[in-house]
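These protein sequence lines map, in sequence, to chains A and B. Under the working numbering, think of the first position of the first sequence as 1, with each following residue one higher. Under the working numbering, think of the first position of the second sequence as 295, with each following residue one higher.
In short, the hints are calculated from the structure, not lab data. Glycine included, every Cβ here is placed at the ideal spot set by N, Cα and C. It cannot be assumed that every hint is accurate.
Unchecked claim - Here chain B is said to cover these stretches of chain A; the calculated rule only asks that three of the stretch's residues, wherever they fall, bring their Cβ under 8 angstroms from a Cβ of chain B: (1) 49-63; (2) 69-78; (3) 95-109; (4) 170-182; (5) 233-245.
As the list claims (entries may be wrong) - Examples of chain A residues lying across from chain B (beta carbon under 10 angstroms, computed): (6) N207; (7) Q210; (8) V212.
Unchecked claim - DEER-style ranges, computed between Cβ atoms: (9) A:T57 / B:G455: 55 to 65 angstroms; (10) B:P311 / A:R26: 46 to 56 angstroms; (11) A:R190 / B:R514: 22 to 32 angstroms.
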Amino acid sequence: MSSITASPAAARPARKPRSAFMRWVRSDLRAVLSITYLVLLILVAVLAPYIAPYSPTDQNVAELLLPPSAEHWLGTDDLGRDVLSRLIWGAPNSLYASLLAVGVAIVLGVPVGLLIGFLGGWIDDIVSRFIDALLSFPPIVLAIAVTGALGIGLTNAMLSVGFVFAPVLARIVRAQTLVVKNALYVDAARGFGASTRHIIVRHIVPNAIQPVIVQVTLMLAIALLAEASLSFLSLGVQPPAASWGGMLARAYNYIEIAPAQMYAPGMAILLTALAFNALGESMRVALDPTMKRR
Amino acid sequence: MATLARLVIRRLWQLLPIIIFATFVVFSLLQLVPGDPAVTLAGDYASKERIEEIRQLYGFDQPFIVQYGRWLWHAIQGDLGRSLLSSAPVIDLIMQRLPNTLLIATYALIISALIGIPLGVIAATRAGSRVDAFVTSVASLGVALPSFWLAILLVANLSLGLNWFPATGARPITVEPGRALLHATLPAIALATGVIAELARQVRSALIEVLGSQYIRTLRAKGLGPIAILWKHGMRNVSVTLLTILGLQVNRLFSGAVVIEAVFAIPGAGSLVAYSAINKDFPVVQGVVLVLVVFVIVINLVVDVLSSLLDPRVAEA
């Protein structure tokens, strides 16, 4: 420490998490495994056009419902399409779907939570009741209803899922904002004449963000499962585009002729959801100050 | 008894704004439909007269709040409109199908409680052990497992493979209770996995917290046995949390039922809402969503009241 910085509070957070991050990676095998899996999945999604052995939509009536072979590692589906290629092309759709839903939830939920937590009073009362009302809906049922109204398709389906998730984030951010707003150091900052904007940007956002990061990671898994469910119900990804949920729906129709087809898409959904969940849990432990250094 | 009645009334009063907002959300669904709602509701090949008739019928020419009030007034009287596809009253469609959904949801909840709670207790009492690690990993797996995939695997192996259970359909529980339960078993198992995992996790963490508290340590120091501590103090303190967690699962069960009913071709409320959403039968979609959300809110009310009976501290809140 050779120089004295003008604001030590700003310099500290930039330094500390980095070493905490490295400690976490070294000590947490679960996190390393899930990150590795997710990085590979992102690579597969980005490189899908180059690594998929066949086109995901080319039909071939001469090769219907073939079992796994050297040419088709996972066999072919009821239209003669290569299952491995469809599985690979399902990755970008699934990741896009999860990120879109969670992105919508963040954009809608976080500002609302910050605002009502900070303002309090009757606005908070009313909006909080509205959030309670939204949380009373069975999430998938509400998402299906909203999707039906907007029009079926992957983007609309995931906008709906994001809308359904938003109140969860709003509630977490609100609770966190309330805690920080009344903390002694915020009172002190206010006493020093800090502006409202300064308090929100410098104190409330950084403190509220940690539970949000954890929740958002866990939400990616729920969004993925929701996408698979909606695509299974043919409300999400529309044919001929590939999706893991849609592949399971097709495989289910031919379950007696080609039972092997129901394994790969299900495993893909399970592993990806597991990876998101494991990452979220690891981050919860890493970011929670009370759980550190036990 | 008087206190109970007063408690129920007070809770209802608190729930009123939530119910009003929820109905408002259900009504607003129609406003999300792009274009003129009258044209949408009239269907693809409707005549100009028919569109005008629908506009009059639903009052689309009137202010939004008047439309909402009218819709709510009808809904309170049990009139949810008519299906655009079959023109049957929506409430009749729902009442025909809701029992099938409630059967698999209740069945699943019972299975989950019978498996999930003991798993959580076992893990919590042996926190940090291999048993605990095993239960925690299984729970993580259960949370991430797509229930409809499990459903497909169950059909493939237990219905088509071994012929133990019927693969599809449902029977009315009032007419053929045995057959009905047999049909509901696989759907209930598929629906229960996620809930078992969730219950095991939550019971585990709640119980670990209680068992680590000061007064439990004091009891242990005074020589009270582990079983007495677990049942007389641990479980009793967890019971309120447990009830709340169980209540929250109803939401999850209804969500899961949509896909599970599709897999098992069960004519339930979930498959009705999915089918109606795809076919743009909005009165039915709104009706099912409304009935389910009211159901969830009522369950939460019951949970709330039961919690305050179990724990007098809750009643004061």
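Now for the hints, and whether the structure bears them out:
Remark: the region 49-63 of chain A is not confirmed as covered by chain B, as 0 of its residues place a Cβ nearer than 8 angstroms to a Cβ of that chain, below the required three. As drawn, the region 69-78 of chain A meets chain B at 0 residues by the rule of a beta-carbon pair under 8 angstroms; below three, the given contact is violated. Counting residues of the region 95-109 of chain A whose CB lies closer than 8 angstroms to any CB of chain B gives 0, which falls below the minimum of 3, so the coverage claim is violated. Counting residues of the region 170-182 of chain A whose beta-carbon sits less than 8 angstroms from any beta-carbon of chain B gives 0, not enough to reach three: the coverage restraint is violated.
Coverage of the region 233-245 of chain A by chain B holds. Counting CB-CB distances below 8 angstroms, 4 residues qualify, and the rule asks for three or more. A cut of 10 angstroms between beta carbons decides the hint on A:N207: the least distance to chain B is about 23 angstroms, and the hint is violated. A distance limit of 10 angstroms between C-beta atoms decides the matter here; for A:Q210 the minimum to chain B is near 19 angstroms, and the interface restraint is violated. Here the hint on A:V212 is broken, as its CB sits about 20 angstroms from the closest CB of chain B, past 10 angstroms.
Between A:T57 and B:G455 the CB atoms are about 32 angstroms apart, so this pair departs from the stated range of 55 to 65 angstroms. Taking 46 to 56 angstroms as the suggested C-beta distance range, the pair B:P311 and A:R26 conforms, at roughly 50 angstroms. Range check, A:R190 to B:R514: Cβ separation about 46 angstroms, and the 22 to 32 angstroms hint is violated.
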